[in-house]
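**Q** Now for the letters of each chain:
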Amino acid sequence: MNRRHFIKNTSLGVAGMLWQPDLFAAETIFGHNNKRYRLNTHWSQADVARNPVNDCHEMVQNSQGNIMLLTNEVKNNVLIYDKGGKLLNTWGSEYPGAHGFTLFNENGTDVLFICDNKRHQVIKTSIDGRVLLVLDYPKETGQYTKAEEYVPTETAIAANGDIYVADGYGKDFIIQYNSAGRYIRHFGGRGAEDKYLLNAHGVCVDTRNNLKPTLIVTSRQQNAFKRYTMEGDYIETISLPGAWVCRPVIKGDYLYAAVLQSNSNLWKQSGFVTILDKNNKVVSNIGGSAPGYTNGKLDEMYQTVQCFAYPHDVCIDDEENIYIAQWNSGKVYPYKLSPVV
Amino acid sequence: MMAKYIVCLFLFFTNGLVHAQDTFRLAPPLLRYKSEFFSKPMEVTLLFAQTGTAIRYTLNGNEPSENDTIYKAPLTINNHLTTVKAKAFGYGFLPSETVSATFVKDGYTIISATPTPPNPKYPGNGSMALFDKEGGVANVNSPLWLGYQKDTVAITVYLQRKQTISSILLSMLQDHSARVFLPQQVSVYYFDERANKFKSCFNQTNPASAVTNGSITKNYIISLSKKVKTGILKVVMVPVQSLPEKHPGHGTPGWLFIDEIKVY
Chain A
1 MNRRHFIKNT SLGVAGMLWQ PDLFAAETIF GHNNKRYRLN THWSQADVAR NPVNDCHEMV
61 QNSQGNIMLL TNEVKNNVLI YDKGGKLLNT WGSEYPGAHG FTLFNENGTD VLFICDNKRH
121 QVIKTSIDGR VLLVLDYPKE TGQYTKAEEY VPTETAIAAN GDIYVADGYG KDFIIQYNSA
181 GRYIRHFGGR GAEDKYLLNA HGVCVDTRNN LKPTLIVTSR QQNAFKRYTM EGDYIETISL
241 PGAWVCRPVI KGDYLYAAVL QSNSNLWKQS GFVTILDKNN KVVSNIGGSA PGYTNGKLDE
301 MYQTVQCFAY PHDVCIDDEE NIYIAQWNSG KVYPYKLSPV V
Chain B
342 MMAKYIVCLF LFFTNGLVHA QDTFRLAPPL LRYKSEFFSK PMEVTLLFAQ TGTAIRYTLN
402 GNEPSENDTI YKAPLTINNH LTTVKAKAFG YGFLPSETVS ATFVKDGYTI ISATPTPPNP
462 KYPGNGSMAL FDKEGGVANV NSPLWLGYQK DTVAITVYLQ RKQTISSILL SMLQDHSARV
522 FLPQQVSVYY FDERANKFKS CFNQTNPASA VTNGSITKNY IISLSKKVKT GILKVVMVPV
582 QSLPEKHPGH GTPGWLFIDE IKVY
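Line by line, the protein sequences are chains A and B. Counting with my numbering, you get residues 1 to 341 for the letters of the first sequence. Counting with my numbering, you get residues 342 to 605 for the letters of the second sequence.
Simulated from the structure, these hints should not be mistaken for laboratory data. The reader is advised that the hints may include incorrect statements.
[As the list claims (entries may be wrong)] Here are the computed lysine-lysine pairs in the BS3-like style, where the Cα-Cα straight-line distance is at most 30 Å:
id, chain 1, residue 1, chain 2, residue 2
1, B, 587, A, 268
2, B, 426, B, 375
3, B, 375, A, 281
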């Protein structure tokens with residue numbers, strides 16, 4: 001507790017103390033090494049009666065600095081907040097399976113890509129929700145006979161506008177299109193070799209090496225990320241033992257990811273958040289075990305503090321705060337983590 | 342006075358809103374071991390990499406409290422039916438749930454245990470699955486389980502030599518959300534050489550169980566009221582035929598999962 005808070009609290013007198021039994025609890029700092037945070041579970045000031053959420057699937061920050069949330073609550077599929085948690089606006093009612101949410105700056109204009117896993121479609125919209133492009137199930141791949149087999153969970157957009165769609169709840173292919181939505185190729189899918197995927201839940205363009213961007217794809221049930229060239233050639237596996245990682249999110253030199261749950265405690269709200277440095281070494285787990293390496297191999301990771309239930313995505317803003325969207329977690333609004341400096 | 346009151350209220354409000362601290366529960370520590378079955382003394386490891394916390398454990402079956410021993414190094418298990426219970430404690434956190442495992446020492450040597458063919462979805466791991474000293478993994482997806490639904494399960498157990506038998510242990514899984522229940526009926530028959538036929542030595546019907554959460558291994562211990570001398574036993578189990586009323590799958594058949602048999 002810092003001095004200012006102490007003075008404030010003192011002024012409350014006895015009544016305040018009685019009403020706030022947690023006043024003197026140790027302040028919890030989450031995470032490890034240089035990635036440590038304070039947690040605010042009351043960040044959202046949205047009114048649950050007017051603007052409810054269901055699963056909070058993904059979040060992005062737009063060019064105005066505002067935080068956008070995608071939920072499969074069709075009363076308001078997209079909620080737009082300022083960084084302080086004030087709800088500014090909402091839109092969208094036609095995305096019952098709203099899941100993947102990617103923002104791309106297209107020649108100075110923000111555009112959004114929504115993966116709807118009930119509609120079996122990827123929808124490109126303007127920042128205020130006007131539909132610009134719809135990608136149906138990828139017949140061109142020769143891998144699908146009907147829309148239902150295709151359950152897209154995520155998109156990533158390359159600098160040239162190419163669209164990569166992860167069919168994470170379908171057949172685990174990554175399908176590459178040009179910016180106009182014309183099919184280029186597909187890769188991934190399921191199989192025994194390392195280049196294959198199992199629950200390809202997320203995809204991102206790793207721009208940490210500016211000379212040579214690559215793709216990082218989630219293979220969630222294998223507790224791993226897999227790296228590919230932009231043309232879909234497999235490069236390497238980044239093993240994350242114990243962690244059901246969701247999509248990778250790059251910010252600065254770091255890769256952040258929500259971990260839906262721990263392998264050691266399945267379907268018991270055992271999620272946390274993991275942070276990898278530019279060498280893809282885990283440096284911090286928020287609500288999770290202190291990262292350790294034994295003979296160069298990452299030790300199994302697991303939840304240690306039940307501060308999250310099933311985190312599904314992280315959004316890192318321009319001030320290094322992290323917002324956490326959660327799936328199937330009692331319809332909670334996103335939480336916010338502020339860095340401890 | 343009024344102004345002061347309003348300021349006070351205002352401060353309380355902002356304070357409550359902005360600085361309310363959540364008190365979080367610790368997650369359970371990880372309990373790691375090769376198998377719940379052992380013949381030589383074996384090691385059990387507990388893991389919980391969270392600064393400012395400690396794992397406390399008991400070996401007497403009691404719920405661990407803040408006064409119990411702090412875990413520092415792997416535990417060595419020597420005794421049959423030792424139960425390790427562990428829990429994480431830390432200042433500023435609510436204590437974790439308890440994790441627990443019971444370790445079972447080998448009984449008489451079994452040379453063969455032939456079960457009714459299991460459901461193809463849960464075939465176990467080979468012909469020695471029921472006496473390979475592997476198992477006790479509280480997870481439906483562990484490949485070590487033999488799974489049955491509806492059909493009566495009969496397992497014929499051949500010991501290395503004739504023995505005087507007082508009890509039998511069946512290692513089973515209970516995971517009600519996955520529809521895995523303990524059997525509704527268990528009977529045991531022993532082969533009487535002189536009469537040249539199987540004779541009943543145990544029969545128990547279990548009442549419908551309360552529906553619980555979580556996946557746990559259960560040692561179903563059969564104590565024979567009268568010791569029998571034999572080299573061959575037959576264990577017959579009836580899976581739950583109709584899930585209890587409180588279960589979402591009420592009326593449909595449950596599963597029975599078994600991975601090991603011990604004879605003492």
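**Q** Look at each hint and say if it fits the structure.
**A** Structure-based check of all given hints:
no.: 1; hint: B:587 with A:268; verdict: holds (20 Å)
no.: 2; hint: B:426 with B:375; verdict: holds (17 Å)
no.: 3; hint: B:375 with A:281; verdict: holds (28 Å)
Violation of the numbered hints given earlier is absent; every hint is satisfied by the structure.
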